[in-house]
Each structure stands twice: as structure tokens, then as C-alpha cells.
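Engineer: Read off the chains here:
2 protein chains.
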Amino acid sequence: MNDKVKIAVDAMGGDNAPKKIIKGIELSLKQKKDNYFYLFGKKDLIENEVKNNNLVRENSEIIDAKDIISDDESPLAAAKKSKETSMWKSIEFLKNKKADITLSAGNTGAMLVISRLLLNNIKGINKPALAGLWPNQNNMNIVLDLGANIVCDEKNLCDFASMGSALFKSLFENEKPRVALLNVGLEENKGNDVLKKTFSIMKKNDIKNFDFTGYIEGNHIMDGDVDVIVTDGFTGNVALKTAEGTANFITKNLKKSLNKLSILFSYSSLKRFKNKLDPRKYNGAIFLGLESPLVKSHGATDSVGFAHSINVCNQIINANLIEKIKSNLITIDDKL
Amino acid sequence: MNDKVKIAVDAMGGDNAPKKIIKGIELSLKQKKDNYFYLFGKKDLIENEVKNNNLVRENSEIIDAKDIISDDESPLAAAKKSKETSMWKSIEFLKNKKADITLSAGNTGAMLVISRLLLNNIKGINKPALAGLWPNQNNMNIVLDLGANIVCDEKNLCDFASMGSALFKSLFENEKPRVALLNVGLEENKGNDVLKKTFSIMKKNDIKNFDFTGYIEGNHIMDGDVDVIVTDGFTGNVALKTAEGTANFITKNLKKSLNKLSILFSYSSLKRFKNKLDPRKYNGAIFLGLESPLVKSHGATDSVGFAHSINVCNQIINANLIEKIKSNLITIDDKL
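Chain order of the listed sequences is D and V. Note that the numbering used here has the first sequence beginning at 1, numbered continuously upward. Note that the numbering used here has the second sequence beginning at 1, numbered continuously upward.
Rather than coming from a laboratory, the hints here were simulated on the basis of the structure. Note that the Cβ used here is the ideal one computed from N, Cα and C, for glycine as well. There could be a bad hint or two in this list.
[Claimed, not checked] Using 25 Å as the maximum straight-line C-alpha spacing, the simulated DSS-like pairs for lysine-lysine come out as follows: (1) D:K176 x D:K127; (2) D:K256 x V:K256; (3) D:K276 x V:K95.
[Claimed, not checked] Computed, partial: chain D to chain V, Cβ under 7 Å: (4) V184; (5) M222; (6) A239; (7) T242; (8) I250; (9) S268; (10) L270; (11) A300; (12) S303; (13) V304.
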């Protein structure tokens, strides 16, 4: 067990928990047995799911937590509520270095607040950020911040670039990720003051750990020419949700347009298409910038999606993400 | 001619101008002859397109303009360049009340700068905004600002709500459009300070001319539950371009996935699908808040798209958009 990645799992978060969670762990263990799971939540409910599942039982330990944070609770209320929630306890366990990483499919806002309460920032980082995987023509890129910080300054955006490129290196074996700033145009004078300042800091600095490629516009996020896209949490959240809404709108209208015969004739290639865009493959937003990493699985995902986010946890720890972030940080104080 | 809508057309703006422009005017005249066109640009080039086209010749007049603003010129440089550009002259003509509206497929930034230089704001409006049509499950909604104002305050956003709902009424015969603010969540405490202040002003005011429905998230823009979506120009521009990029990404990948037989079997319904999402139908961003309205056609659109934007010009003038904006304005000074 010593060389396994130790994952503290909030087993009560998200739809169909803990059933989906245990099923996701089982799927993941069937592929590889290189993780060990600490399952936080109502002991009887979890035991009921695990008792006939040898694979999960042998690779996990249940830790009782009396309370649950629901999805509709405000983050602050949820954080104040009790130290006996499955989410709080799974993050406290991480703080006490008993796990390498925490994974939850529960209330995102609560996870951000509780983890910031319990864990220290990495030295040099003022604001941690939520990073997500975004499909593109070649493979995937990383976009951050997706909503942890509504207002950001140039120091924050530079940190997001350092953290996002460290994450990209951890997930995709790339020594020099291409990093761009999301803006409304490509010219140096476009955008708000924070973007202009960030641009000028990044241009001036002799950055060794990633390639700063300048600005990128929303219509090119999915082109695959850039690996990491940096933005404030407000813009990132709107962009992500707008992309989701557009994708849903198109596929819903398309389904109506294809008759059964067409679907039959293109079955295998439509399946490939669906598979390429399967949101479960992009499941797992990573909360970066704290002394230990956390992963947020989508609440509505199923066990396959949850297994994907377990895989993200494993990759992050094995690639030594936190060390990569530390060595990626750019010193900008003297340039401001 | 007196009861016709008089449109000042920058005949040199956009790809394939003036050919596409004249062809678009012809398409529009074939449907209805209720517009009269003033064509600004290089006289010989335009005459060459018009000389064998009786329909366009009879319903237009060419006004020579020596210079052209290209797409890659910076807005300020373009505005300073010369008063002999087709764009400048077409807007000056509007200022002098010789036309009801100006239409250009040229450089957007230049159009915003020149029109703000030449035209006054509607009394009570501090910042004009660029509004666009966005497809949804039912029909279309309006989103503004799409990029005219990078930084906005609560007064601006309230004005955008007034202007957007006036535009919606003008285009879709609706007495009480539903207006929402784009945000990262639905709860009253979500978002930045400007959004919170705008929300509180709109909630408190006894608004008679539209229904304020609260916040909306990016993934619900296309649901069709709201008619007007208000946001600052930075966020609106990123959202619009991200939606465009996502739509392109999906349709490109989909095309690869459908074989010829499938396309054949679903030909007519795929055609309906394509038709519903045809960007040419949503062509024509409207610049609102100046004493006279201007319409910006997409530079890359074809003559069909340009004809759609002519139709938008006609509807706006016949519906008395400017008067509708004036009567929609909400007084917010005493509530701030």
C-alpha cells in the first residue's frame, strides 16, 4: 500500500452517492490497482455498497462521517455547519497528511471554502484556482480559473499560468506547454487593465517553464493551438457554461434531425463522435494552489465519469504536481 | 420614396465588397421594395456592379467616397485617417439626418469609434452597446453588450436592459420582454459588485416595460426562457465567440462522422437543422444608444446574410426603435 496513491473520497457527494462513488472506484480498480481509498460518509450506507465488493473492500477503508453537505447549501453555511460532514472530514484528512489528495463530487462552493479554511496556499500563490479539461481538435487543453475567484489581478493571472502549465505537464507529458490569456482580441492594447498588465509581465519575463503565446479569443479555445488558457474565474465560468449550453443545444437539435436509418448507417462513426465529446472524459476539475491538490468531480456524472476523475487524481500525484507548480512559479514582484 | 426606410450603406466594407453588398441589396429588394439605399464607396466600382441591375439602380443612389477602412486598421487610426472613407461618410450622412440608419459590413471597432465621434447619445444613456441575435430553442434572443464597452457599471447595465428590451420589442412584437443578467450563479449574492448593484436596482424599481427575471448562467442562454440577456462587453464578447467556437467544433467533427448514405437518408431534416442554425439568419449586430441606430453586418457573411441585416435595419426603423428606447429607460439615480 505504501507506493499507492492515497485518495480521500467524499463518498456522499453528487447524485446517487454513495452507490455511484463505489461503482466508480470499482471501475478504476479493475483497470489499475495503484490507488488506495479512504471513504468518508455514513458508515452503514457505504458498508452496504461495499460488503459484496471484494475489490473495493480490499483497497479501501471506511471512515464514518455523520453529516452531509447538500448541493443547495451556500458554501459558507456548509463550511460553518459541522466538522462532521463527509466533505470536511475528507479535507481534514488531507490536511493531516493522511492522504495525498481529496476527491469529491459534492457542492463545489463548499469544497472551495472548506479547503481554503483548512489548507495553506503554496508559498507565493495568493489565490488558488479551479482548472478544467477542455476538448480541442487535437486532444485537450486546460482552462483556469473556472469560478473560484470572481475578481483577479495580474499577479493572480500569472500564478494561474504557472499552475495551469504545471498541471498540463503532469497530465500530458509536455515540457513546455503553450499558455495564452483569454481576451476579446489579439492586439496588445485589447482588453481590461489587468489583462494588459499580465500581458506585459509575461512578455518581459524570461519564462523557462512554459511558452507564453499572447492573447486568445473564445472562438479559438478548441482549435488545439494552445495548451493552457488563463482567465479570471468570472469569465472562465461564463465561457465554460456557454460552451456547455451551445453543445447541448446543437446535439439536441441534431438528434431531432437524424432519422433511424441515418443513425444506423453512420452508427460506428457517430459513436466515435459521441465518444470524442463524451463529457465524462473531461470530468474532474482540479483545485490548484493549496499545499495539497483536490479534485472536484461533476455532481451529475456517473460511475464512468467518477472513474475518470480518480485517474486524474492518480496522475497528478504520480507526476508530483505540487513540486511542478513550485518550480514553475514566475517571480514578478520586481517587474510590477 | 418618402415612406421608404432610407439606409446609408458602407458599400466597401467586408469580404467581397462591393459585389456582395449589391447582391444582398438585390435579394432584399426582390422580397420587398420598402427600402431606399445610399451607397457609399468608390463610384466606379459600385457603378460597375449596379449598371446592369435595374432593381438596385432604381432604388439607390451612389455617393462617391475615395478611401476605404480595412479590417486590420486600429479603430482610432481608422477614425483619424480621413473623412473621405466610405464608412465615415455613411455615418456623417446619418448624422445629417439624410438617412434613417447606417449599415456596414466593415471594421467593427472603427464603426463604433466613428459613430460615437459623430453622433450624440440618446439623452440618459452614458454608453451605447452592441446587441446581437442569438438562436434559442424557441426562436431568438438578444444579448448585449457584445464588445463595445470592456468595463461597465450598474447604470450602464440598466441602460443595456432598457435598450435590449426596446430592440426585442421592435424585432419580435412583444410587449414585455423577459430580461436577465448574465452571471456565474443564480443566487442574489453571486457575481461581482456591479452585478449585485444592478440586480438590486432592477429588483427595487417598478419596471413597467420589461420583466426582470434575475440572473442567468451561460448554459441557459439558448434555452429560450429569456428574451434579453445583459452583460458587460468583455463577458458578452467572450461568450459569443466561445459559443461560435463550440458550434464550429461540433459541426466540423460531426461532418467527419456522417457518411454519404446517412446524409442522404436524413437530407431534408439535416437541411432544416442547418437552416435553423444558419448564422446568416442571426447576422446584423445593432449598435444601440446613439441618436440614430447603426447595424453591423458580419464581414464574412455572404449576400444572403447581408440581406438579413437589411431586414433588421428596416424592422428597427419601422418599429421606431429609438422612441421605444426612450420610453423604456428606467430612472435609477435616486435608487443608487
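Engineer: Next, verify each hint and record whether it holds.
Structural biologist: Hint check:
1. Taking the CA atoms of K176 of chain D and K127 of chain D, the gap is near 23 Å; set against the 25 Å cutoff, the hint holds.
2. For the proposed pair K256 of chain D and K256 of chain V, the alpha carbon gap of about 19 Å is at most 25 Å, so the pair holds.
3. The straight-line distance between the Cα atoms of K276 of chain D and K95 of chain V is roughly 53 Å, outside the 25 Å bound, and the hint therefore fails.
4. Restraint check, V184 of chain D versus chain V: the minimum CB separation of about 4 Å is within 7 Å; hint holds.
5. Because the closest C-beta pair between M222 of chain D and chain V is about 4 Å apart, less than 7 Å, the hint holds.
6. The interface hint given for A239 of chain D is met, as the beta carbon of that residue sits about 5 Å from the closest beta carbon of chain V, less than 7 Å.
7. A least Cβ separation of about 4 Å between T242 of chain D and chain V falls short of the 7 Å threshold, and the interface hint therefore holds.
8. With a least beta-carbon distance of about 5 Å to chain V, the hint placing I250 of chain D at the interface is held under the 7 Å criterion.
9. Violation of the interface hint for S268 of chain D is found here, the shortest Cβ-Cβ separation to chain V being roughly 9 Å, above the 7 Å cut-off.
10. Hint status for L270 of chain D: holds, given a least beta-carbon distance of 5 Å to chain V, under 7 Å.
11. Residue-level restraint check for A300 of chain D is violated (minimum Cβ-Cβ distance to chain V is 12 Å; threshold 7 Å).
12. Using the Cβ-Cβ criterion of 7 Å, the hint placing S303 of chain D at the interface with chain V is not satisfied: the shortest such distance is roughly 23 Å.
13. With a least beta-carbon distance of about 21 Å to chain V, the hint placing V304 of chain D at the interface is violated under the 7 Å criterion.
Violated hints, listed in ascending order, are 3, 9, 11, 12 and 13; each of the other numbered hints is respected by the structure.
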